[in-house]
Amino acid sequence: MTVKVRIPTPLQRLTQGQEEVEGVPGTVISLVKDLDKKFPGIEERISENGKIRRFVNIYLNDEDIRFLNAEETAVKDGDEVSIVPAIAGGSCQEVL
Amino acid sequence: MGHIKGLKCRECGREYPVEPIYVCEFCFGPLEVAYDYKSISKTINRKKIEKREQNLWRYRELLPIDGDPQVGLNSGYTPLVKADKLAKVLGVDELYIKDDTVVHPTLSFKDRVVSIALTKAKEFGFDTVACASTGNLAHSVSANGAAAGFKRFIFIPASLEASKIIASLVYEPNLIAVDGNYDDVNRLCSEVANKYRWAFVNINIRPFYAEGSKTIGYEIVEQLGWKAPDHVVVPCASGSLLTKVWKSFKELKEVGILKELDTKVFAAQATGCSPIAAAIKQGTDVIRPVKPNTIAKSLAIGNPADGFYATQVVRETGGYGEDVSDQEIIDAIKLLAKTEGIFAETAGGVTLAVTKKLIETNRINREGVTVICITGNGLKTQEALQGNVVAPHHIKPNLTSFEEVLEKIQK
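Chains as they are written, first to last, in my numbering: chain R, 1 to 96; chain U, 1 to 411.
Keep in mind that the hints were calculated from the coordinates and are not lab data.
Be aware that one or more of the hints could be misleading.
[What the hints assert, rightly or not] Under the rule of at most 30 Å between Cα atoms (straight-line distance), these lysine-lysine pairs were calculated in the DSS-like manner:
hint, chain 1, residue 1, chain 2, residue 2
1, U, Lys291, R, Lys76
2, U, Lys42, U, Lys250
3, U, Lys8, R, Lys51
4, U, Lys291, R, Lys4
5, U, Lys48, R, Lys33
6, R, Lys51, U, Lys281
7, U, Lys291, R, Lys51
8, U, Lys88, U, Lys291
9, U, Lys47, U, Lys227
10, R, Lys51, U, Lys247
11, U, Lys291, U, Lys85
12, U, Lys247, U, Lys38
13, R, Lys76, R, Lys37
[Claimed, not checked] Covered stretches of chain R, as calculated for chain U (at least 3 residues, CB under 8 Å):
hint, stretch
14, 12-25
15, 59-73
[Unchecked claim] Beyond 10 Å from chain R on every Cβ pair, some chain U residues (computed):
hint, residue
16, Val23
17, Glu25
18, Lys47
19, Ala162
Quantities reported herein were computed from a predicted structural model and do not represent experimental measurements.
For glycine and all other residues, C-beta sits at the position ideal for the given N, C-alpha and C.
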């Protein structure tokens, strides 16, 4: 068993079109670093100086990692990680 | 006549042409309109603005359109009410209400952003406009879109209150009631926006749409006699309005219309959804998303995308952020109505209640000029006051019955 990582459309160019790739357990940030070995360039798009970019949301088993332990959230075998670009400006969440 | 240089990513600075796009392809940051302020400063001045019609387009050089305004020709330029009675209650010298309960045509500040969004949608050649909303935005796009001759798709959660649905349906848009909660509507809309060539005002038109909020700030400065206030209190949902009010002040300084700028900007939120106020209080710029639970539904964004930028503005200007309970919101709505005769929606209650708190804790000093932004009309959220207003006096249709009641009232 490994970690399932769901890749959003804008980043699938870096994963040769794959929507889902395998990642290694550890922490969210170590998983991102490791993905870059297989898919060069992906780390830079998702994170900057060891922090997840402000407009990239990461979900561990459907929970936003900011509700967990952010970049240091532990990722185990069998977990599912989703990378989702925030819709810039919070647009769709606007309820005004 | 346009003075736009292009679009620019707020995060990484990458530049893009003027197109219906909203997100940086590289870092997913939001795109923002970049202007040529040098050329604007040569073409605009106080006298020129003062001679124009009293609507939001009097500041057109600072708005992201290329041709003539096409939508919202009667929107904006709402009253800046000098609130002396309220000032007395709060114990401050000079207080003003920027009263967007009366924006034409749908009684909230959303008519400002929608005016710019739909004008831009025309310039881009769209024939269909769309939005995802549960209230003011749905109302405004339905109305302004009808007048401007657009086909309209309005996405709402199916569980929305009947009164709100009727307020949009009267304009006969295609109202799409999505069987799901708000998050489901959100997700669906981003997929729809990707697939159909429509102008989603708060998605692919957002960089232009959001600029409309600046007109509140321009008007405040003009109505104060071309001066910026010492304090401005702004309600925060996504945080966009607060950042745009501050941007408007800075732009007026940049183009030479405003001589001095020393305004403190304050963020107002409901305790049941206060990720921005919480970050400000904790002195961090990390916004921790929350699950909203407040009567101020129009401010209930738990994951505010402009939250980071809002905290930056508050810090940069020496302002602060505060939050208030549902009861404080209701009390403030009633206080505003009783003292100034203005009926604000719940977001207005948030803004006034926060202002009161900021004055009591000396974050706002009592001698300065304070402006509070009231962004929507109370007639839209009457259910929030259910059980919290005084009861009517029931009488029989005769004078004796009336005078019995009158005697009780006058006691």
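Comparing the hints with the structure gives:
no., hint, in the structure
1, U:Lys291 / R:Lys76, "26 Å, holds"
2, U:Lys42 / U:Lys250, "17 Å, holds"
3, U:Lys8 / R:Lys51, "22 Å, holds"
4, U:Lys291 / R:Lys4, "26 Å, holds"
5, U:Lys48 / R:Lys33, "56 Å, violated"
6, R:Lys51 / U:Lys281, "22 Å, holds"
7, U:Lys291 / R:Lys51, "23 Å, holds"
8, U:Lys88 / U:Lys291, "37 Å, violated"
9, U:Lys47 / U:Lys227, "15 Å, holds"
10, R:Lys51 / U:Lys247, "28 Å, holds"
11, U:Lys291 / U:Lys85, "37 Å, violated"
12, U:Lys247 / U:Lys38, "16 Å, holds"
13, R:Lys76 / R:Lys37, "19 Å, holds"
14, 12-25, "violated (count 0)"
15, 59-73, "holds (count 3)"
16, Val23, "4 Å, violated"
17, Glu25, "7 Å, violated"
18, Lys47, "35 Å, holds"
19, Ala162, "17 Å, holds"
Figure legend: structure checked against the earlier numbered hints; hints not met, in rising order: 5, 8, 11, 14, 16 and 17.
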